[in-house]
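Keeping their order, the protein sequence lines are chains A and B.
Residue 264 in full-length UniProt numbering sits at position 264 of the first sequence; the count goes up by one each step and never skips.
Residue 308 in full-length UniProt numbering sits at position 308 of the second sequence; the count goes up by one each step and never skips.
Please note: incorrect hints may appear among the correct ones.
As the list claims (entries may be wrong) - Short, incomplete list of chain A residues facing chain B, as computed with Cβ under 7 Å:
hint	residue
1	V90
2	G260
3	V271
4	F281
5	F284
Stated by the list, open to error - Only pairs whose alpha carbons sit at most 25 Å apart, straight line, appear in this in silico PhoX-like list of lysine-lysine:
hint	chain 1	residue 1	chain 2	residue 2
6	B	K144	B	K60
7	A	K238	A	K60
8	B	K60	A	K238
9	A	K144	B	K144
10	B	K113	A	K238
11	B	K146	B	K238
12	B	K113	A	K144
13	B	K238	A	K60
Treat the hints as calculated values from the structure; they're not laboratory data.
Virtual Cβ for every residue (Gly too), placed ideally from N, Cα, C.
Protein chains: 2
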Amino acid sequence: MSVSSCTQIVLAARPNGPVRETDFRLESAPVAEPAEGEVQLQVRYLSLDPYMRGRMDDRKSYAPPVPLGQPMEGEAVAQVTASRHPAYAVGDILLARTGWRTHATLPAAGLRKLDPALAPITTGLGVLGMPGFTAYSGLRFIGKPKAGETVVVAAASGPVGSLVGQLAQIQGARAVGIAGGADKCAYVRDELGFDAVVDHRAADFPARLAAACPDGVDVYFENVGGAVWQAVLPLLNKYARVPVCGLIAQYDDGASGKDGPDRLPATMREVLSRSLTLRGFINFEFAQHFPDFLQEVGAAVASGRISYREDIVDGLENAPRAFMGLLKGANFGKLLVRVS
Amino acid sequence: MSVSSCTQIVLAARPNGPVRETDFRLESAPVAEPAEGEVQLQVRYLSLDPYMRGRMDDRKSYAPPVPLGQPMEGEAVAQVTASRHPAYAVGDILLARTGWRTHATLPAAGLRKLDPALAPITTGLGVLGMPGFTAYSGLRFIGKPKAGETVVVAAASGPVGSLVGQLAQIQGARAVGIAGGADKCAYVRDELGFDAVVDHRAADFPARLAAACPDGVDVYFENVGGAVWQAVLPLLNKYARVPVCGLIAQYDDGASGKDGPDRLPATMREVLSRSLTLRGFINFEFAQHFPDFLQEVGAAVASGRISYREDIVDGLENAPRAFMGLLKGANFGKLLVRVS
């Protein structure tokens, strides 16, 4: 079952503003036979996530950029096609950072076996994977909602936001979601069971958000930035906590400043006058708590107490378009590409 | 010794941009005889502090604004001239929120006796008072510098900044001060003993600051905002902490946004990519730790391990001009008005 070539999608150009299809290129590439300690993998599902936008730019961030001409980075659920490592056998299902490829040969370090009997394998990329752990760790170690407090999260139908709200409710807090469009709002309210949901496309979105948070906001889980932040800021209570895990609304802005007015002074004034905490984080920081997360949230998913939703696109060749949609909020649930 | 009238300075107009002398008015006012449980006080020293600028504006903050026509708020060292409370005798020296007045009659709640034998009474308004406690609590509970880390603070010759740097050094961190002009810089370097000092008036201030922080910045104690923040931001290390206790550079900006570019998106991007913590605070939040502060810092002041400097202006009538100078950095050390 081992192969000698694969299909991959490389970064063809760095985006200048919004990502375009021409920023990517589909090509064939060789795949090595595994050396001692390596495995060869066939990708089953590729995860598409907002952080990938940052890797396309050539600027300093928490991880280096993808080099031009190299495969886009990404995590996948993959199946072993050849193994020279005793822990992995042909047919095993693993989580692996394969990148946007149909096949990859990788060293065993960094692989993690999934048990298909415990949960659907796709959950390893969503509710029981990095997006879920981002929600869990940001809420547990930064947001720290108390019973009766109000937690607001945007992209509430997505893999991070949907778990933030559900975990907040389990901790006795009130969950208010922000989502785009009637379908997503209905899902957040009716299927996820958030206490309230507000459509950010509504013309009077700030007023609706304020009405949905009559006691103000104690935790705002920031994953979008931009206009949503401007609507949340006046609602933040004294000592509110803002875990910042993403800023999808501004990923296309480039390195230069946006046109004015300069909103920084007013933001800092609120940070001061209401003793706010703004805290950026990447889930890696809390990696030691991943096993706790897997156990707690895994059990809640298995029992049905926590719901999740996936949006699956077929074919690696459709990854660029699906990714462009993700940055515009076109997906509905955790976005995955079924590669094989 | 009790009196029936006093001189006071009231808020005559709310500033529109920079504070002007016409925003204040000197006038006579009656002073009541103390009722049961009250004391009458003669002010010895009035403290002038940047936070007072915020109280002059009619906008929501952590404390209500000073009403037009009412005395400016403020803390003072004062002497009891008449007492109807058993804990206070005529001649006692107290800390009291008298406002900008020569005399005041106040209830005993909120008064604190000073022991002139332990430290000069003026220190109760500076290094052993609210400014000192702001430095202590922001550093201890938010900045949390570790040995070998770099702590940067602006207004380093002032009462907050000077203590931030000295406490950071006691905890084994490297202290880098920012001050305006050669005299203040020399004081910070030579008398306070900071590891480095940078003049924010230098044309190449950002480059000098970067050179003074070869290992980046782990704690930036924010008390100014504006251009200094812009120079510090690129130097912040991963997981850097930013206690925000003041924004003196932007107090005159008013409620509306400044002209662009909009610096907020770039700031939030750094918060995210370097897992920064921005945390506003008012020292009241940590009031339970005030006795520890007084004991620790009091001992270090008494032993001479911690230095401080005062800038004393004579006469209540000169308070407005001195306060306007404070907002421009014209004072050199803790600014006090000797009232009597």
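Inset, instruction - Hint by hint, work out which the structure violates, then give me just those numbers in ascending order. - result: 1, 5, 6, 7, 10 and 12
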